[in-house]
Structure formats: structure tokens, C-alpha cells
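Q: Residue numbers (numbering that gives the first Met the number 0), protein chains in the order written: chain A, 0 to 285; chain B, 0 to 154.
Since the hints were derived computationally from the structure, they do not count as laboratory data.
Small disclaimer: the values here were computed from a predicted structure and weren't measured.
Here a beta-carbon is modelled for each residue, glycine too, at the ideal position from N, C-alpha and C.
Be a bit skeptical, because a hint or two may be false.
Pulled from the structure, derived: some chain B residues nowhere near chain A, Cβ distances all over 12 Å [said to hold, decoys possible]:
#1 E12
#2 C46
#3 P81
#4 L98
#5 R117
#6 R127
#7 T138
#8 R145
#9 L148
Stretch-level coverage of chain B by chain A, calculated; a stretch enters the list once three of its residues show a Cβ under 8 Å from a Cβ in chain A [said to hold, decoys possible]:
#10 33-40
#11 66-80
#12 85-97
#13 120-126
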Amino acid sequence: MQTFNFLSVSTVEEAVVALSKGASRPLSGGTDLIPMLREGRRTADAVVDIKRIPELMALAIGAQNDLTIGASVSCQSIARDPEIARRWPGLIDGVSLIGGTQIQGRASLGGNLCTASPAGDAVPALIVHGATLVIAGPGGRREMAAADFLLGPGRNALAPGELLVSIRVPAPVPGFCAAYLRFIPRNEMDIAVASAGISLRLDESGRIADLRLVLGAVGPTPIVVADAASIAAGQVPSADLAERLGAAAEAAARPIDDVRGTAVQRRRLVNVLTRRAFDKAIKRLA
Amino acid sequence: MSHLVVNSTVNGEPAEFLCEPHETLLHALRDTLLLTGTKEGCSNGNCGACNVLMDGVLVNSCLVLAAEAEGRQVTTIEGLTPREGLHPLQQQFLENAALQCGICTPGFIVASKSLLDRNPHPTEAEVRHFLAGNLCRCTGYDKIVRAVLATAAAA
Chain A
0 MQTFNFLSVS TVEEAVVALS KGASRPLSGG TDLIPMLREG RRTADAVVDI
50 KRIPELMALA IGAQNDLTIG ASVSCQSIAR DPEIARRWPG LIDGVSLIGG
100 TQIQGRASLG GNLCTASPAG DAVPALIVHG ATLVIAGPGG RREMAAADFL
150 LGPGRNALAP GELLVSIRVP APVPGFCAAY LRFIPRNEMD IAVASAGISL
200 RLDESGRIAD LRLVLGAVGP TPIVVADAAS IAAGQVPSAD LAERLGAAAE
250 AAARPIDDVR GTAVQRRRLV NVLTRRAFDK AIKRLA
Chain B
0 MSHLVVNSTV NGEPAEFLCE PHETLLHALR DTLLLTGTKE GCSNGNCGAC
50 NVLMDGVLVN SCLVLAAEAE GRQVTTIEGL TPREGLHPLQ QQFLENAALQ
100 CGICTPGFIV ASKSLLDRNP HPTEAEVRHF LAGNLCRCTG YDKIVRAVLA
150 TAAAA
């Protein structure tokens, strides 16, 4: 392991000061950061443990029934919360897939975002839920849509000295449903070859409004399938509509060949995953 | 780099130790506290051989910095083992021949305890799912799963 200093901070303000100095890196679960430091894929002068900041470890359903997840809360704490599972099952689909039990207990939702892997399982689910991110920095706080946070493999929208504080997920409105699915060649403990997250709202007449479709691991960042909303708008859910959404996903994907899969396979996979995620989301309304 | 002083509780006893800032909990346990039951396998979070409980949560100690243990409760395989005899999981691993080389065994037992504490009567599928982050390269999975199920059945 390379050498670095270790700091533990207890407020967001202390964290921002610490992260503004040299090559400092925030530490939540460490499930990405520690192997990266060990293997020399990242360097750090200092590692700043942010898990003793109460706001980063808080999990709260607000008065408006929205959900605020501290950036350092573990995936296990989120996935095992019965109220979150009941209200946001489409979010849990993604969060509960990140690593095996030992990783789940440490890996944070904020870390899954900040690592900015094209295959991060929580990210498509957060985008289709319309999540916003609260970011603190030397100049104060700002908010940003989760959809705008990833800039490329390993690159996020944080400026030097900035820290992801929390993730806000809006309350599920009546008729809202969501689902996330991925393909891996094993049963557990793997990185998505391709994935699809979907959310939609059925209006009172049973027609679709506000459909969002986001693909993972088929581009440098998650891909929002822009024409999915217009394809689905005003439609009643049907097998034919699922086919058309699957075809739109296949057309929007920009996959590469790599060790986990080929571009041809990934295009086909996002078609199938989109259709299945659509069905899974609709079934949740029943 | 100067050393850090860490005050934690290890296997129910107060433990004060020195570590380097970049040192993992795995190395502090093995090399400083001489609790060598916890094994180093992959050192990148894939194999589970280094599993310990931290504040009751199952973690890979190779992915925890020793300094993070300040004020935390750490339980290792040594802490599971009673003063006399064996923990029921250890006994069932023995009776079911659920080990060959033994490197993965402490991690499997700590992980299995974490499972049974939460779900005392898991199905076979639940055992396999929960233990997916523990690798056995002698490929003794079937006997390991049977040992965990036998422990649950006897409880």
C-alpha cells in the first residue's frame, strides 16, 4: 500500500477544508478507494474519513415523503430499511446488487455515484427516480440532478474541495413505479455487462406519463434514452409498447467490446432488460 | 508517516494499538494484535477470507483502514470461539468436512454467524446468496452450505 495521512472529520465544513488541501480523498466504505490506492490506480496525500459526520450517515423520510440518504450510508442500511423498500423498490433493485454481503455493509450510495463507473448499479435507478444531489464546497452548497453528475468513466462533476453530502429522492406520486435490472454471467458479486432502469407514472385513465429509461454499462456514462418518453406518452402498457421501448434502448446504446461482454451482446441485452424492467415496474402497481 | 493510536474493542476486550495511517485493519489484527485466525486471501475485497464483524456488520478487513476502528467493536474468529470447545458453526464445519486447506474457513464461519444472527433458519438459497462474497478455491461449497444448514437445524 502507498503511504498517506489519515484524518477523521465530524462536520461537513471540516471535510471541505480537509479536501481542499492537496490530493485528499474522502473515505466512506472504501470498497473502491482502498483497492484503487493499493493497486496504484489512485494516489492520495490524505484519506479523510467522512463517516463520523452525522449528516452523511443519516437516512430520513421527510415531511413531504421524500427520501434523503446521506452520501456515506451503506447500501445494506438502505436495502434493509423496510419503509424504503416498500416505497422505493426500484431504487432497492439497484442498491442491493452492489457487491456481496461484505461489500454491502460498507459500500455507500455516494461512493457508487462518485466512483462514476459506467456500470454503477445505483446510478440508473437514481436517475429514473429524478434524484438530486446535495454538494458542499468551499463556496457553499449547491444541488444538481443525478442525471448530470457523471461525466465519463471515473469522472464526476465535483470540483476540487467539493463533497457529495446527500442524495434526495422525490416521494413516489400515485401511479409511479420503477424497476432496475442488470445482466451478469454469475448469480452474484459481479459488474453489470449491461443494465436498464425504468420509471413511469400511470395517470387516472391508466395511460403512461413521464416515462424515464436509463441504460448502464453501454456508454461512458449512463445513457438516458431520450425518445422513450415520447414513445410511451399516452400509451396503455402493452407487450407491443415494451417491444418498442426495447428497440429504442438498443438504438440508443453505445457499447464497446471489453472483457465482460461484446458490443453486439450488450445491444441485445439492453433490449431484453428494458422489456423485462418495464414489465417488472408495471407489476409493482398491481 | 507517524503512527496513530487506535482505541477499539476487539473480541469484547479493550484494545489500544498503534498503526500506520495506510495500514489495513487486517494487518493490524494479524501483525500487531497477533490475531492470526483472520486470513489474507485476495486483499481486494473479493474472497471474504478476512471477514470480521465491525459494530456487528460483516466487513472485509482488507478494505478497512485500521484507523477506522477507533471507538468500534471488532469481532474476529477468535472472538467467536468459546473458551472451552467450539462454536456450533465450527463443530458443524468439522463434522461436515466443510474445509480442505482451511484458508477460507474463518471468513466463512464469521460470515455464517452474521447470517444466522439475522436469519436463524435460512433456506439453502439464502445461505448461498449470503455467502456469495466468500470464495473457497478447494471448491467445498456444498459441504460448507450443509454445515451452515446443519447448524441452523440444531439451534
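Q: Run every hint past the structure and note whether it holds.
A: Hints, one by one, checked against the model:
With 12 Å as the threshold on Cβ separation, the claim that B:E12 sits away from chain A holds: the shortest Cβ distance comes to roughly 23 Å. B:C46, annotated as away from the interface, has a beta carbon of chain A within 12 Å; the closest lies near 10 Å. The beta carbon of B:P81 is kept farther than 12 Å from every beta carbon of chain A, the shortest such distance being approximately 24 Å. Every CB of chain A lies more than 12 Å from the CB of B:L98, the least distance being 19 Å, so the non-interface label holds.
Annotated as non-interface, B:R117 brings its C-beta within 12 Å of a C-beta of chain A; the closest such distance is 9 Å. Interface exclusion of B:R127 from chain A breaks down, the closest Cβ pair being 8 Å apart, not more than 12 Å. Under the 12 Å C-beta cut-off, the non-interface status given to B:T138 relative to chain A holds; the minimum distance is some 15 Å. The non-interface label for B:R145 is consistent with chain A: the shortest C-beta to C-beta separation is roughly 19 Å, beyond 12 Å.
Distance to chain A confirms B:L148 as a non-interface residue, since its nearest Cβ pair spans about 17 Å, more than 12 Å. Residues of the segment 33-40 of chain B with a Cβ under 8 Å from some Cβ of chain A number 0, which does not satisfy the need for three, so the listed coverage is violated. Remark: the segment 66-80 of chain B is confirmed as covered by chain A, as 3 of its residues place a Cβ nearer than 8 Å to a Cβ of that chain, reaching the required three. With a cut-off of 8 Å between beta carbons, the segment 85-97 of chain B has 0 residues touching chain A; three or more are needed, and the interface restraint is violated.
Coverage of the segment 120-126 of chain B by chain A is violated in this model, with 0 residues showing a Cβ closer than 8 Å to a Cβ of that chain against a need of three.
Figure legend: structure checked against the earlier numbered hints; hints not met, in rising order: 2, 5, 6, 10, 12 and 13.
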